[in-house]
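> Each chain is listed here by its residues.
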Amino acid sequence: MPAIDPHIGTQLVDLCSALLLLTCFAIVAQRRLSACVELFALQSGFLAATTALVAFLTGIHHLYLAAAMTVLIKGLVIPRILKKVIERLNVTRELQMNVNVPAGLLICGALVILAFFITQPIIPLGFLLTRDSLAIALAIVLIGFFTMIARKKAVTQVVGFLVMENGLFLGATAAAYGMPLIVELGVFFDVLVASLIVGIYTHRIQDAFDSLDTSQLTTLKE
Amino acid sequence: MTLVLLQTLILLAVAPFIVGLIRKVKARLQCRRGASPFQPYADLAKLFRKEPVVSTATSWIFTATPYILFASTLAAGLLVPIFASQMPLSFAGNIIALVYLLALGTFFLILAGLDAGSAFGGMGSSREAIVASLTEPAMIVSIFAIALTAGSTNLSTIVHKTALLEGIVTDPAPHLMALAALFIVTLAETGRVPVDNPATHLELTMIHEAMVLEYSGRYLALLEWAAGIKLLVLLTLIANVFAPWGIATSPTPAAIGIGLAVYLVKVSGLAVLIGVIESMFAKLRLFRVPELLGVAFILALLGLVFFYTLRG
Numbered sequence: 001m002p003a004i005d006p007h008i009g010t011q012l013v014d015l016c017s018a019l020l021l022l023t024c025f026a027i028v029a030q031r032r033l034s035a036c037v038e039l040f041a042l043q044s045g046f047l048a049a050t051t052a053l054v055a056f057l058t059g060i061h062h063l064y065l066a067a068a069m070t071v072l073i074k075g076l077v078i079p080r081i082l083k084k085v086i087e088r089l090n091v092t093r094e095l096q097m098n099v100n101v102p103a104g105l106l107i108c109g110a111l112v113i114l115a116f117f118i119t120q121p122i123i124p125l126g127f128l129l130t131r132d133s134l135a136i137a138l139a140i141v142l143i144g145f146f147t148m149i150a151r152k153k154a155v156t157q158v159v160g161f162l163v164m165e166n167g168l169f170l171g172a173t174a175a176a177y178g179m180p181l182i183v184e185l186g187v188f189f190d191v192l193v194a195s196l197i198v199g200i201y202t203h204r205i206q207d208a209f210d211s212l213d214t215s216q217l218t219t220l221k222e
Numbered sequence: 223m224t225l226v227l228l229q230t231l232i233l234l235a236v237a238p239f240i241v242g243l244i245r246k247v248k249a250r251l252q253c254r255r256g257a258s259p260f261q262p263y264a265d266l267a268k269l270f271r272k273e274p275v276v277s278t279a280t281s282w283i284f285t286a287t288p289y290i291l292f293a294s295t296l297a298a299g300l301l302v303p304i305f306a307s308q309m310p311l312s313f314a315g316n317i318i319a320l321v322y323l324l325a326l327g328t329f330f331l332i333l334a335g336l337d338a339g340s341a342f343g344g345m346g347s348s349r350e351a352i353v354a355s356l357t358e359p360a361m362i363v364s365i366f367a368i369a370l371t372a373g374s375t376n377l378s379t380i381v382h383k384t385a386l387l388e389g390i391v392t393d394p395a396p397h398l399m400a401l402a403a404l405f406i407v408t409l410a411e412t413g414r415v416p417v418d419n420p421a422t423h424l425e426l427t428m429i430h431e432a433m434v435l436e437y438s439g440r441y442l443a444l445l446e447w448a449a450g451i452k453l454l455v456l457l458t459l460i461a462n463v464f465a466p467w468g469i470a471t472s473p474t475p476a477a478i479g480i481g482l483a484v485y486l487v488k489v490s491g492l493a494v495l496i497g498v499i500e501s502m503f504a505k506l507r508l509f510r511v512p513e514l515l516g517v518a519f520i521l522a523l524l525g526l527v528f529f530y531t532l533r534g
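So the protein lines, in turn, are chains A and B. According to the working numbering, the stretch in the first sequence is residues 1 to 222, in order. According to the working numbering, the stretch in the second sequence is residues 223 to 534, in order.
Just so you know, not all the hints are guaranteed correct.
Claimed, not checked - Below, a list of computed lysine-lysine pairs in the DSSO-like style, where the Cα atoms sit at most 30 Å apart: (1) B:505 <-> B:488; (2) A:84 <-> A:152; (3) A:83 <-> A:152; (4) A:152 <-> B:505; (5) B:248 <-> B:505; (6) A:84 <-> B:383; (7) A:221 <-> A:152; (8) B:383 <-> B:488; (9) B:488 <-> A:83.
As the list claims (entries may be wrong) - Partner residues aside, some chain A positions facing chain B, computed with beta carbon under 8 Å: (10) 9; (11) 11; (12) 14; (13) 18; (14) 97; (15) 99; (16) 102; (17) 116; (18) 132.
Honestly, the hints are just simulated from the structure, not real lab data. Please read these numbers as outputs of a predicted model, since none were measured by experiment. Heads up, the beta-carbon is just placed ideally off N, CA and C, and yes, glycines get one too.
Please build the complete structure, drawing on both the sequences and the hints.
Shown next as structure tokens:
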């Protein structure tokens, strides 16, 4: 076991998870697309830090590999793909939202409180040092979901999806010290492929409608 | 008693230097040489020597406001521990009193902006009222988040406990959120760049400058000085509540000396940070300001929520 007080270890994990949640709010408050993508990369960095910290504190070595994969795929490759998509589609600003920013922030605050409220009865039953992160993970999933609903354009909906995925990953780390390695590898591969496909798909939307507004897809008819 | 006197002197003496330091940092980042950080002292001295011109259309509020603002800001500053964690005046008011002393000054400044009846003054006042009403909830909630971790609303107790590592090590997450919220609030309250631009005059976007446009001579000097003190008080709050290490926890001369030196370093560091931020960011459009302050409020709220849930 590493020579660090488990109580301080818990605090450090909580702090890292809190930073993850902080970047979620930054994404909701942000209007510029490229900044959204950068914030997602930052969030993935915090996720990797949390995972590495858990690996260090528990001595479960495959989590180091998961952290490295997080940095590589979610911190570098996917943001680069999204940046390229944004560059090629020539969209820098996202002004169309279903919910305006202050209202969105308040809704997200309510979602966080909801997540904490839901997990409140479960948390004291846990014994892992990461158990408090479960509430934060649920909050991140809800905020990612909200981002997908609240934004009209395709690229930020993708960012919302990826944020949700980060939340699920944090949840897995928090609830069970990570999934088996083979599952994690599969998930990383899925996310990577999904973002590639979405990159191509947004091109097709742009070609068909001259806009990335996904609400126009509802007018499709045979 | 000497401690109170010393603290008053520091507040009065350091405030213009902080303002000058921010200007200097900004100038250097824009590849200008810039005036010396001590320039604001000369400006204040010059303004104090000049005769004030007061419009005949104004009431007593106009002439009383500089004194009220100056006194209330200074009184607020005396409630914050600066170099010693236990201030003799700490019985006089807690962190809520501090917020409302600052708000009292803002209130009179708004009234004074309206008093002369000029178009700019009224506009500045109405904008200041928007910003002040939005910063207040964020400030109060973030302060509650800190007060809960320390178990007291008295600033001296909070700082003393944190300096002796009785609070912050057990709860870094709420502190971090409250810190971020308070920093945004500080930028908004003191009319710094994302909200207001202190370097411009006669521009349609100004807030603080528009309100004090009618002032001259010693009244203007008092207002500018009070603005500097307000900035210093909020920076002190950030520096000493969140990172009070080095502050004098016992009233010995050596500890106070170290506390003083550490304090100056911390506040100068924050001033440099503000200068860098002002160079990096553009001023927000007025209608985007509520978004920024909404972020601050949500951060403070999260700090409060974290306090109750992440209890290990």
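> Determine for every hint whether it applies to the structure shown.
These are the hints, each one checked on the structure:
1. A distance of roughly 26 Å separates the Cα atoms of residue 505 of chain B and residue 488 of chain B; the hinted pair therefore holds under the 30 Å criterion.
2. For the suggested pair residue 84 of chain A and residue 152 of chain A, the alpha carbons sit about 20 Å apart, so the restraint of at most 30 Å is met.
3. Of the supplied pair hints, the one linking residue 83 of chain A and residue 152 of chain A holds, its CA atoms being roughly 18 Å apart against a limit of 30 Å.
4. With a C-alpha separation of about 27 Å, the suggested pair residue 152 of chain A and residue 505 of chain B falls inside the 30 Å cut-off, and the hint holds.
5. Straight-line distance between C-alpha atoms of residue 248 of chain B and residue 505 of chain B comes to about 14 Å, which keeps the hinted pair within the 30 Å bound.
6. At roughly 50 Å between alpha-carbon atoms, residue 84 of chain A and residue 383 of chain B are farther apart than 30 Å, so this suggested pair is violated.
7. Of the supplied pair hints, the one linking residue 221 of chain A and residue 152 of chain A holds, its CA atoms being roughly 20 Å apart against a limit of 30 Å.
8. Between residue 383 of chain B and residue 488 of chain B the CA atoms are separated by roughly 19 Å; this keeps the pair inside 30 Å, and the hint holds.
9. Taken as a hint, the residue 488 of chain B and residue 83 of chain A pair is broken in the structure, with Cα atoms around 38 Å apart against an allowance of 30 Å.
10. The interface hint given for residue 9 of chain A is violated, since its Cβ lies 10 Å from the closest Cβ of chain B, which is over the 8 Å cut-off.
11. At its closest, the beta carbon of residue 11 of chain A sits 6 Å from a beta carbon of chain B; the interface hint therefore holds under the 8 Å criterion.
12. With a cut of 8 Å, the hint placing residue 14 of chain A at the interface with chain B holds, because the nearest CB-to-CB distance is about 5 Å.
13. Among the interface hints, the one on residue 18 of chain A holds; its C-beta lies about 4 Å from the nearest C-beta in chain B, closer than the 8 Å criterion.
14. Violation of the interface hint for residue 97 of chain A is found here, the shortest Cβ-Cβ separation to chain B being roughly 12 Å, above the 8 Å cut-off.
15. For residue 99 of chain A, the interface hint is violated, since its Cβ never comes within 8 Å of a Cβ in chain B; the closest pair sits about 12 Å apart.
16. The closest approach between the C-beta of residue 102 of chain A and any C-beta of chain B is roughly 4 Å, which is under the 8 Å cut-off, so the hint is satisfied.
17. A cut of 8 Å between beta carbons decides the hint on residue 116 of chain A: the least distance to chain B is about 5 Å, and the hint holds.
18. The interface hint given for residue 132 of chain A is met, as the beta carbon of that residue sits about 5 Å from the closest beta carbon of chain B, less than 8 Å.
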